[in-house]
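K.L.:
Using the hints provided, position chain E relative to the given structure of chain H.
Protein chains in written order, with full-length UniProt numbering: chain H, 1 to 380; chain E, 1 to 257.
Take the hints with a grain of salt, since some may be wrong.
Unchecked claim - Beyond 12 Å from chain H on every Cβ pair, some chain E residues (computed):
1. K38
2. R77
3. D89
4. L176
5. Q181
6. K253
7. N257
Said to hold, decoys possible - Label pairs and their in silico Cβ distance ranges:
8. K159(H) to N178(E): 24 to 32 Å
9. K211(H) to K38(E): 50 to 58 Å
10. F180(E) to K186(H): 28 to 36 Å
11. D36(E) to K186(H): 37 to 45 Å
12. D90(H) to A138(E): 45 to 53 Å
13. F180(E) to T185(H): 36 to 44 Å
14. A254(E) to K196(H): 54 to 62 Å
15. G140(E) to L155(H): 16 to 24 Å
16. R242(E) to L232(H): 52 to 60 Å
17. D63(E) to E158(H): 22 to 30 Å
18. L232(H) to R65(E): 49 to 57 Å
19. A162(E) to D199(H): 24 to 32 Å
20. D63(E) to E152(H): 25 to 33 Å
21. A162(E) to E231(H): 42 to 50 Å
To be clear, the hints were calculated from the coordinates, so they are not data collected in a lab.
Even for Gly, the Cβ is constructed at its ideal location relative to N, Cα and C.
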Amino acid sequence: MGGRSCAVMAAAAGRVFRLCRRWGAGPRAQMLRLIYTTTAVQRKNVGASGPEKYTEAFIKKQIEEFNLGKRHLANMMGEDPETFTQEDIDRAIAYLFPSGLFDEQARPMMKHPREIFPEQRKIQWGEDGRPFHFLFYTGKQSYYSLMHETYEKLLNVEKYQDQLIAQDLPLQKEKRNLAGSRWLTKIELEEMLLEKLSDDDYSRFIQLLQKLTDLPCSDIEEKYIQKFSKELPVQMQKVVIEPLQYDEQGVAFSTGEGRRKTARATAVVYDNGTGKMTVNGKDILHYFPVLQDREQLLFPFQFLGRIGKHDAVCTVSGGGRSAQAGAIRLACAKALRSFVTEKEVEFMRQAGLLTVDPRVKERKKPGQEGARRKFTWKKR
Amino acid sequence: MAVPRLLRAAAPRLYSTVLVPAPATATAPVATQPSDDKLLSEPLSHPDFFNVKELFTLKDLFDARVHLGHKKGCRHRFMEPYIFGCRLDQDIIDLEQTMQHLQLALNFTAHIAYRKGIILFISRKRQFCHLVECTARACGEYAHTRYWQGGLLTNAHIQFGAGVRLPDLIVFLSSLNNVFQTHVAVRDAAKMNIPTVGVVDTNCNPSLITYPIPGNDDSPSAVELYCKLFRMTIIRAKDKRRQSEAVEELRRKAEGN
Numbered sequence: 001m002g003g004r005s006c007a008v009m010a011a012a013a014g015r016v017f018r019l020c021r022r023w024g025a026g027p028r029a030q031m032l033r034l035i036y037t038t039t040a041v042q043r044k045n046v047g048a049s050g051p052e053k054y055t056e057a058f059i060k061k062q063i064e065e066f067n068l069g070k071r072h073l074a075n076m077m078g079e080d081p082e083t084f085t086q087e088d089i090d091r092a093i094a095y096l097f098p099s100g101l102f103d104e105q106a107r108p109m110m111k112h113p114r115e116i117f118p119e120q121r122k123i124q125w126g127e128d129g130r131p132f133h134f135l136f137y138t139g140k141q142s143y144y145s146l147m148h149e150t151y152e153k154l155l156n157v158e159k160y161q162d163q164l165i166a167q168d169l170p171l172q173k174e175k176r177n178l179a180g181s182r183w184l185t186k187i188e189l190e191e192m193l194l195e196k197l198s199d200d201d202y203s204r205f206i207q208l209l210q211k212l213t214d215l216p217c218s219d220i221e222e223k224y225i226q227k228f229s230k231e232l233p234v235q236m237q238k239v240v241i242e243p244l245q246y247d248e249q250g251v252a253f254s255t256g257e258g259r260r261k262t263a264r265a266t267a268v269v270y271d272n273g274t275g276k277m278t279v280n281g282k283d284i285l286h287y288f289p290v291l292q293d294r295e296q297l298l299f300p301f302q303f304l305g306r307i308g309k310h311d312a313v314c315t316v317s318g319g320g321r322s323a324q325a326g327a328i329r330l331a332c333a334k335a336l337r338s339f340v341t342e343k344e345v346e347f348m349r350q351a352g353l354l355t356v357d358p359r360v361k362e363r364k365k366p367g368q369e370g371a372r373r374k375f376t377w378k379k380r
Numbered sequence: 001m002a003v004p005r006l007l008r009a010a011a012p013r014l015y016s017t018v019l020v021p022a023p024a025t026a027t028a029p030v031a032t033q034p035s036d037d038k039l040l041s042e043p044l045s046h047p048d049f050f051n052v053k054e055l056f057t058l059k060d061l062f063d064a065r066v067h068l069g070h071k072k073g074c075r076h077r078f079m080e081p082y083i084f085g086c087r088l089d090q091d092i093i094d095l096e097q098t099m100q101h102l103q104l105a106l107n108f109t110a111h112i113a114y115r116k117g118i119i120l121f122i123s124r125k126r127q128f129c130h131l132v133e134c135t136a137r138a139c140g141e142y143a144h145t146r147y148w149q150g151g152l153l154t155n156a157h158i159q160f161g162a163g164v165r166l167p168d169l170i171v172f173l174s175s176l177n178n179v180f181q182t183h184v185a186v187r188d189a190a191k192m193n194i195p196t197v198g199v200v201d202t203n204c205n206p207s208l209i210t211y212p213i214p215g216n217d218d219s220p221s222a223v224e225l226y227c228k229l230f231r232m233t234i235i236r237a238k239d240k241r242r243q244s245e246a247v248e249e250l251r252r253k254a255e256g257n
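Here chain H stands alone, though its shape is the one from the complex (with noise of 0.2 Å):
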C-alpha cells in the first residue's frame, strides 16, 4: 500500500517534473523531454531547428495523462476527485513542491494540456502526408483562406446587385451607423487566425473588408461583416442639469460647486431676490474688500441679466483671495443652470463660465531655481 502510493507520488511527481519544463504558450516556448538541460542548450535549439510540430494523437495522450495527475493529485490532497479545480491543482502543486523562484514560469505547475500546446503548432496533415487545408502550400492557411471567403462574399453581393439591376429594382441605401462601431485590431485578428500577420496583411485585409461594406447591398453579408466589427464604448456622457429644489416658503433655489486652485466653494443660489450675497456668513463687501474679487462674483449674473434677482448664500475654504473668488464665481454659474434656458446654458458654456480653470501652481525643478527660473549663469 505504501509502495503503491509512493509509485503513484513518483509518477505524478515526474509527469509534473516534465511539465514543469514546459513554458507558456508564446513564441519561445519549448517543449523539453529531457528534464536536466541547461538555458543555453534550450536557447540555440530555438533558433535551429524551427518550430516544433506534435500530431492531435500526442495531444489526446497528453489529456488523458493529464486527467489521470489529477485524480491522483486529488487523492494525494484527501480531496474529492470529481470536483477538483484547476485552482486546487495550482494550491496542491505550490504546497507539494514549494519553490523560491522569482519567475512564476519557472516554477513547476501542472495545467491543461491545451494551454501548454499551442493550437497552430499542431501538424497540419494527416497519416499519407496529405495537407488539411487546401492552401497549406501558402504558409498563411488561415489569413489567406479569410481572405478568399471575404472575396467570395464581395462576388455574391456584386452578383446580387447585378441581379437586382437587372430587374430594374433600386438599391437598397441604408445608412450604417459606422461610428459606433470599429474593425478588429490586428492582435485580435491574430488570436483569432493563430498565426502570425504582418501589418500590410493587415491593412489589406481591412481594405477589402471596407470595400464590402462600401457596396449598397452589403447588408446580405451582414453577419459574416460583423464577425470582424467592435462597438465602440459608451459616448461622453451628457452633463445633466439638475432641477429646481423648493424650499419651505416655496422660493426656488439650487446648489453648485466649484473649485479654482486649491480653493473649494459651494454656493446656493435663490430666486426672488434683491442682489444680496453672503460668503461663509458674511456679506460679500467685508469678504472681498478689492473691487476685482467682487466683479468676479457678479459676472454670471450679469452675462444673465440677472443682477437683482438673485440671492447667494457660499462657503468657501482654502486657496487665497483670488482663488475663493474664481471658485465661488464657477459655483453660482453651475448653479444658474437651473433657472435658465438650453440656449442661455450653452452661451455660458462657449462664455467659459462653466469650465474649471486646470491652471495650478507648477512644481519647482531640482536645478532651478523656481519652476521656470534657472539659476544666475555665469560665464566663468
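P.N.:
Then chain E, alone, in the frame of chain H:
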C-alpha cells in the same frame, strides 16, 4: 508500415532521378502485393487510359481564344516553334501543337491524381486568383495564388516542420509573376525534382517546364477552360482509382471465399 511510407512520401525527390513521360516517380510506395502492383501498372500500359482526348476539341480551344498570343515585340525566342504565325503584329499560337501538348499534360496529371499525388495549382494573375483557388478546392487539391515566400519548396522542412510532404505535381495556369518574370516556383520545382505542367504564353520561357502547354493565359475564357479541363481530369482519375480499388476488394473477397 505507416512510417516507411511517410518517409518515402516525404522524400520522394531523393529516390527518383530520371523523369520519364509516364509517371515513374514513386508517389505511392513500392507495391507490396501483386494486386497493388496491377492497380498501379495497368494504367501505364495504355497510351490514353483516362481518355482525356474527348474532353476538348480544337474548336473549343479556338472559341476560348487560346490561340491569341501577345504582340510581336513581347515574343520569347523559345516560343517560336509553337507559334503558327503573326497577324497585325499579334502572335497566333499553333493549336495543333497545343492539342498534342494539352493531351500529354492532362494524361500526366490524370496519372498523378490516380496515384494519389499532391497537385499544386499556381497562378499569379490577380484576375484569376479566386477561380484557381475554387478549382483546387473542387478537385480536393491545393492552390497557391499569393505571394511566393522564398523557401517554400527548398526550405520546406524548416518552414512547415519536419516530415512535410511536398507537392508531386505543380500546375502553372500562368507561368509569369506580377513583374513579367518567370515564376520562382518553376526553378524551385526543377531543383526539387518536381514535375511541372504549365500554360506558356508567347512571352514566357518554356525551358524548365516538363509539360508546357502553349496557349493564352490572359483571357478569362481561356483560363476558365483550362480550369475546367484540369478539374474534370483530376476528378475522373480519382473516381477511376476508387472504382479500381473497389473492384480489387471484391476480387480479393471472392478469392478469399
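K.L.:
Determine for every hint whether it applies to the structure shown.
P.N.:
Results for each hint:
1. K38: K38(E) is indeed farther than 12 Å from all Cβ atoms of chain H, at 21 Å.
2. R77: holds (32 Å)
3. D89: holds (35 Å)
4. L176: holds (19 Å)
5. Q181: Given that every Cβ of chain H is farther than 12 Å from that of Q181(E), nearest at about 20 Å, it holds.
6. K253: holds (24 Å)
7. N257: Nearest chain H Cβ is 30 Å from N257(E), so the label holds.
8. K159(H) to N178(E): 24 to 32 Å: holds (27 Å)
9. K211(H) to K38(E): 50 to 58 Å: holds (55 Å)
10. F180(E) to K186(H): 28 to 36 Å: holds (33 Å)
11. D36(E) to K186(H): 37 to 45 Å: 51 Å Cβ-Cβ, so the 37 to 45 Å window is violated.
12. D90(H) to A138(E): 45 to 53 Å: Check passed, 50 Å falls within 45 to 53 Å.
13. F180(E) to T185(H): 36 to 44 Å: holds (37 Å)
14. A254(E) to K196(H): 54 to 62 Å: holds (55 Å)
15. G140(E) to L155(H): 16 to 24 Å: Given about 22 Å between the Cβ atoms, the range holds.
16. R242(E) to L232(H): 52 to 60 Å: holds (54 Å)
17. D63(E) to E158(H): 22 to 30 Å: holds (26 Å)
18. L232(H) to R65(E): 49 to 57 Å: Holds - the Cβ-Cβ distance for L232(H) and R65(E), about 51 Å, lies within 49 to 57 Å.
19. A162(E) to D199(H): 24 to 32 Å: holds (30 Å)
20. D63(E) to E152(H): 25 to 33 Å: The hint (25 to 33 Å, Cβ to Cβ) holds, given that D63(E) and E152(H) are roughly 28 Å apart.
21. A162(E) to E231(H): 42 to 50 Å: Given about 44 Å between the Cβ atoms, the range holds.
Of the numbered hints stated above, the single one contradicted by the structure is hint 11.
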